[in-house]
Amino acid sequence: AQTVTQSQPEMSVQEAETVTLSCTYDTSESDYYLFWYKQPPSRQMILVIRQEAYKQQNATENRFSVNFQKAAKSFSLKISDSQLGDAAMYFCAHSQAYSGAGSYQLTFGKGTKLSVIP
Amino acid sequence: DTGVSQNPRHKITKRGQNVTFRCDPISEHNRLYWYRQTLGQGPEFLTYFQNEAQLEKSRLLSDRFSAERPKGSFSTLEIQRTEQGDSAMYLCASSSPDRNTEAFFGQGTRLTVV
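Line by line, the protein sequences are chains A and B.
Under my numbering, the first sequence has 34 at position 34, and the numbering climbs by one with no breaks.
Under my numbering, the second sequence has 1112 at position 112, and the numbering climbs by one with no breaks.
Chain A extracted, bound-state conformation (with noise of 0.2 Å):
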């Protein structure tokens, strides 16, 4: 089975600095792909960035880069440049890699609350 494990569950960041979450996973399958949601107060859950395993290089999207580090099992998300709109919470999360009708459920994390403080 594989597991989630974010061990920060708060952090804060002022506004325009940089912020990194933390998040370690097991699996003992190969392929696979991990994800970082936001989820902001009352609304639903948006995919912020997504890394395949098998590919060594860094996810980016805009001001959100994440650290893949696959022989330690670990995906850290790092937010540069922080705005007012990042505050949320963000999950990780992991999902097998399949193929046909094969389902690619999501196994998440408890979550960091962001925090930017203006």
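Any given hint could be a false lead.
[What the hints assert, rightly or not] Only pairs whose alpha carbons sit at most 27 Å apart, straight line, appear in this in silico BS3-like list of lysine-lysine:
{"id": "1", "chain 1": "A", "residue 1": "110", "chain 2": "B", "residue 2": "1057"}
{"id": "2", "chain 1": "A", "residue 1": "113", "chain 2": "A", "residue 2": "78"}
{"id": "3", "chain 1": "B", "residue 1": "1071", "chain 2": "A", "residue 2": "110"}
[Stated by the list, open to error] Here are a few chain A residues that face chain B, going by a calculated C-beta distance under 7 Å:
{"id": "4", "residue": "103"}
{"id": "5", "residue": "108"}
{"id": "6", "residue": "109"}
Hints in this document: simulated from the structure, not taken from any laboratory.
These numbers come from a predicted model, not from an experiment.
Built from N, CA and C at the ideal position, the CB exists for glycine as well.
With chain A's structure known, arrange chain B on it following the hints.
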């Protein structure tokens, strides 16, 4: 299409009553997932449909829970004889055939059992 839609947004029910939630996925999405999220936790997988076929169920889905997706369109999740432990946010997500790892979530249905 405005995304994944879930109804109702909130439901308060008495213990022992049955409740049903509805999820309307994004129209071209063939994969549909139900998750449950309790306070302070990340979402936990409940069940998965590809088109109308329910292909996977979590052990969290006790026999009081049933899910359907007739005609591969909307889906319903029914909980019979609700218990206080069923109080949670129930999330629906869908994904398309060509980007099946990218799940789009609805806003969820918050169930409170009193």
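Hints, one by one, checked against the model:
1. Taking the CA atoms of residue 110 of chain A and residue 1057 of chain B, the gap is about 21 Å. The hint holds against a cut of 27 Å.
2. For the hint linking residue 113 of chain A to residue 78 of chain A, the alpha-carbon distance of about 14 Å falls within 27 Å, and the restraint holds.
3. At roughly 34 Å between alpha-carbon atoms, residue 1071 of chain B and residue 110 of chain A are farther apart than 27 Å, so this suggested pair is violated.
4. For residue 103 of chain A, the suggested interface contact is upheld, since its CB lies about 4 Å from the closest CB of chain B, less than 7 Å.
5. With a cut of 7 Å, the hint placing residue 108 of chain A at the interface with chain B holds, because the nearest CB-to-CB distance is about 3 Å.
6. The criterion of a C-beta within 7 Å of any C-beta in chain B is met by residue 109 of chain A, whose closest approach is roughly 5 Å, and the hint holds.
When each numbered hint is compared with the structure, a violation occurs for hint 3 only.
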